[in-house]
Amino acid sequence: MSYRVLFVLLLSLSCTFGEPASQKAFDSLTEEQLLALQAKRKAAYEDFKPLEEKSGRRHPSQASLTERSVIISDGRSWTLVPKGAIIHLPESLKNRVNAAKSGQLRKFPDFFRINRGWVAVHEVTMEQAIGEKAISQEVMDSFKYQDRIVIATRSFCPITVLKPEVNATE
Amino acid sequence: MPRNKMKALARPCLSLHWLFLLAAPTQAQEYVNWVRQVQNVQRADGSLQQVELDYYVSREGTQLSEDPVPETGALFELWTINSDTGEEYLLDSTTVGAYLPSAIVNIETEDPYPNVKRTRADRPFTVRVDVDGLVADADAQEAARNVLFQQFAENYPDGQAALPNGEITSDPIWETLLEQNGQHVLSFPASALEGAVPGKVSGEEHFFIQAMQDYGVDPIVVAQDKIQIWPVTDGHFEGITDNEALNGHPTDVRMIVNDAYPGSTIYAQTYPGTPELGTDGKLIQGSHKNVTEDASASYDFQLNDWDGHFESDGVYTLEIYSESAFGRERLCHLTITIDMSMVFQGGVHSIR
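Quick mapping for you: the protein sequence lines, in order, are chains L and R.
Converting from the first sequence to my numbering requires adding 94 to each position, the first position being numbered 1.
Converting from the second sequence to my numbering requires adding 2 to each position, the first position being numbered 1.
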């Protein structure tokens, strides 16, 4: 390589300011570019047939899991059961229901295991859960003799129990 | 319509198979996962009530539902809850019924954040819908002939990062009836949210597939998905202007970044010469910030430490960057000239 060529090579290297780019970069969109982008949105619907008249269907209810559940807490941990799963609640334990989310969340089986002293479970049939059959009055009365919150379960999974139909049998 | 013409489930119990694609929990973050089954129950007075049942699931597995799925259908929701903060995330949901079509709605974005689907107002996203179980028989129940596909969009209230009750109160911005099985795709180049300043919007877009039912019964949500939208990020310097000539280090310079995207990193840098997009310059101390919030955030930093940035006279470029799921984005840039030999009028002041 001649000295002249070497000089040109060194000069071209010296014109490279800063470090080589390590990641492909882009500039933020201008407002005009953004508006143009938004105008293209309509093309997304081209393959679909619009409704001739509005359906009238509003946004489906999106209650959170917590809003559709009851919080039970022992002060150090808490759990969730579906609304309607508590079929017996002694007056002395009302402050442990709908309590704050205090401490760590536990799955109901784990929460039950460490709080057997004041939480009980009662297996129900699906007919009882949907209100076609009622939990016997004898069983309901027996809960009064145990100072524990009773949770309705199906195979140990908390389940809502609807109010029995008027003509429901036990 | 004779029920024997309807498509029915092949088996009485639904097998639930789920795979949690959450990031592995860190020591500071533990999640409790479970499935909430919501079953519609037709009461004697004609009203529809719901019975809910919880299953507790591990990170991955398969489990049969406890009871057969009723004709009125059952909704299965896959939730995960942070055991320390109580924040809950609906990961997936599906509705199954003997005479209901099945569907999946899946939104794809550039952001791989696992807890909630999100993007920015100026970024593209795709909505894929897979429908199965629709029949073309005109005598079939309406729920089996077509499904309602709706799109809702709503801005977050000012200063908020969530919708009240998680719901959108306005009418759908778009809807159609899907009458054919298969995949349907919506590809959006940007969000539908609108605001006084284009791109400076935050809120959500929700997509629903609903099975229309006969006899005045409310439609059943068969599939759904939603996406969070965050504002376009902007940044600028204050206390210094483009093409400004200085006889020393800049003073009283501030770096302003508005609506930095959640999970992004922002910083300012300098390098000798005129602006060259993508150049790796020298980081300005005090400008670097990792945005760890789950919502967009704004920052105002005083930049005081210029040691090592302007070691000789010449032209320099100052830039602000945001690095996020969307790439390395230059928010702004300006050029200054450093000339240490410059003198002030009315006196001689030597900096050297």
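There's no promise every hint is true.
[As the list claims (entries may be wrong)] Here are the computed distance ranges between Cβ atoms for each label pair: (1) R:N306 - L:V191: 18 to 26 Å; (2) R:E196 - L:R151: 16 to 24 Å; (3) L:E221 - R:V187: 38 to 46 Å; (4) R:T171 - L:Q198: 31 to 39 Å; (5) L:L145 - R:I258: 44 to 52 Å; (6) L:W212 - R:T171: 36 to 44 Å; (7) R:R130 - L:P144: 25 to 33 Å.
Hints were generated in silico from the structure; no laboratory data involved.
Predicted model only: the values in this text are computed from it and were never measured.
Cβ atoms here follow ideal geometry from the backbone N, Cα and C, with glycine treated the same way.
Notebook entry, point to check: Where does the structure disagree with the numbered hints, that is, which hint numbers, in rising order?
Noted result: Structure breaks hints 1, 7.
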